[in-house]
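A.B. asks: The primary structure of each chain is shown beneath.
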Amino acid sequence: DAKTTQPNSMESNEEEPVHLPCNHSTISGTDYIHWYRQLPSQGPEYVIHGLTSNVNNRMASLAIAEDRKSSTLILHRATLRDAAVYYCILLGSGNTGKLIFGQGTTLQVKP
Amino acid sequence: NAGVTQTPKFRILKIGQSMTLQCTQDMNHNYMYWYRQDPGMGLKLIYYSVGAGITDKGEVPNGYNVSRSTTEDFPLRLELAAPSQTSVYFCASSRGGGVTLSNQPQHFGDGTRLSIL
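For the protein sequence lines, the chains are A and B, in the order given.
Read in order, the letters of the first sequence correspond to residues 1 to 111 in our numbering.
Read in order, the letters of the second sequence correspond to residues 1001 to 1117 in our numbering.
Okay, chain A solo, but in the shape it has when bound:
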C-alpha cells in the first residue's frame, strides 16, 4: 500500500472549519482514500472515504485533488469532541482490508 504523509499536529478554534491535509504522491489508480479518527481512550472511528470524487457525509467532507496525489478532510464546524488523532490511509484493490496506521494528525480544538 502506498504511503501517506500528514502534519503531526494542528490547532483549531471551536465552531470554525478545519482542513486536515494528506499527501499520497505514490497512490495507485485503484487505491481508496480512507480517513479514521481516534478519540482519547477509544477505538478508531471511521470518518469518510473516497476514490476520485469529493465525498460528503454527516461527519465531514473529503476533497480529493484532481491528480489524486493529495486529499483534505474538512470538518465544517469543529467541536471540542472533534479533538482526536486523524489518520489518512490508502487501501488498494488487492488489500485484505488491513489498515496501516501511521502517526496521524493530532487535532486540538480550542474553546
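Don't read these hints as lab results, they were simulated from the structure.
Every residue, glycine too, gets a C-beta built ideally from N, C-alpha and C.
Where hints are given, some of them may not hold.
[Said to hold, decoys possible] Quick list of simulated restraints, FRET-style, between CB atoms:
(1) A:14 <-> B:1117: 15 to 23 Å
(2) A:79 <-> B:1113: 24 to 32 Å
(3) B:1061 <-> A:53: 22 to 30 Å
(4) A:28 <-> B:1017: 39 to 47 Å
Please build the complex by placing chain B on the supplied structure of chain A, with the hints as guidance.
C.D. replies: Then chain B, alone, in the frame of chain A:
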C-alpha cells in the same frame, strides 16, 4: 445496534498466564481483524479472518492464536503472556463478501486494555 463488542475492557495478567480476548459483531460482516496499539503508536495488525473457518497472520502474530468458528465471533488467545504483550487490543470488522473490500469501512470495538506484570 451493538456493532463490535469486546470483552473484557481491562485485564491484568501475570507473566506466563493465558487468556482469551473476546470479540463479537452483529453486523453479519465477513471480515474481522485484531490489532494492537502500543502507547503513542499506530495500530498494528495481529491476525485477520475472511470468513468462518479461515484465518491468516498479520504483521505481528507471534505469541497469539485465533479461531473463527462462527461469522459473529473472533476470539484472540494469548497462551504464555509476556510483558511485551502489554497493549490495547482492538477488534474490527468489515463487510467483505464479494464487494470491493477497499471500498468498505471498518468498524472497531472499544478495545481491551491488557497489562502483563
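A.B. asks: Now tell me if each hint is right for this structure.
C.D. replies: Hint by hint, here is what the structure shows:
1. Between residue 14 of chain A and residue 1117 of chain B the CB atoms are about 41 Å apart, so this pair departs from the stated range of 15 to 23 Å.
2. In this structure the hint that residue 79 of chain A and residue 1113 of chain B lie 24 to 32 Å apart at CB holds, the actual value being about 26 Å.
3. At about 37 Å, the CB distance of residue 1061 of chain B to residue 53 of chain A disagrees with the hint of 22 to 30 Å.
4. Against the hinted window of 39 to 47 Å, the Cβ-Cβ separation of residue 28 of chain A and residue 1017 of chain B comes to about 45 Å, which satisfies the hint.
Checked against the numbered hints above, the structure breaks hints 1 and 3 and satisfies the rest.
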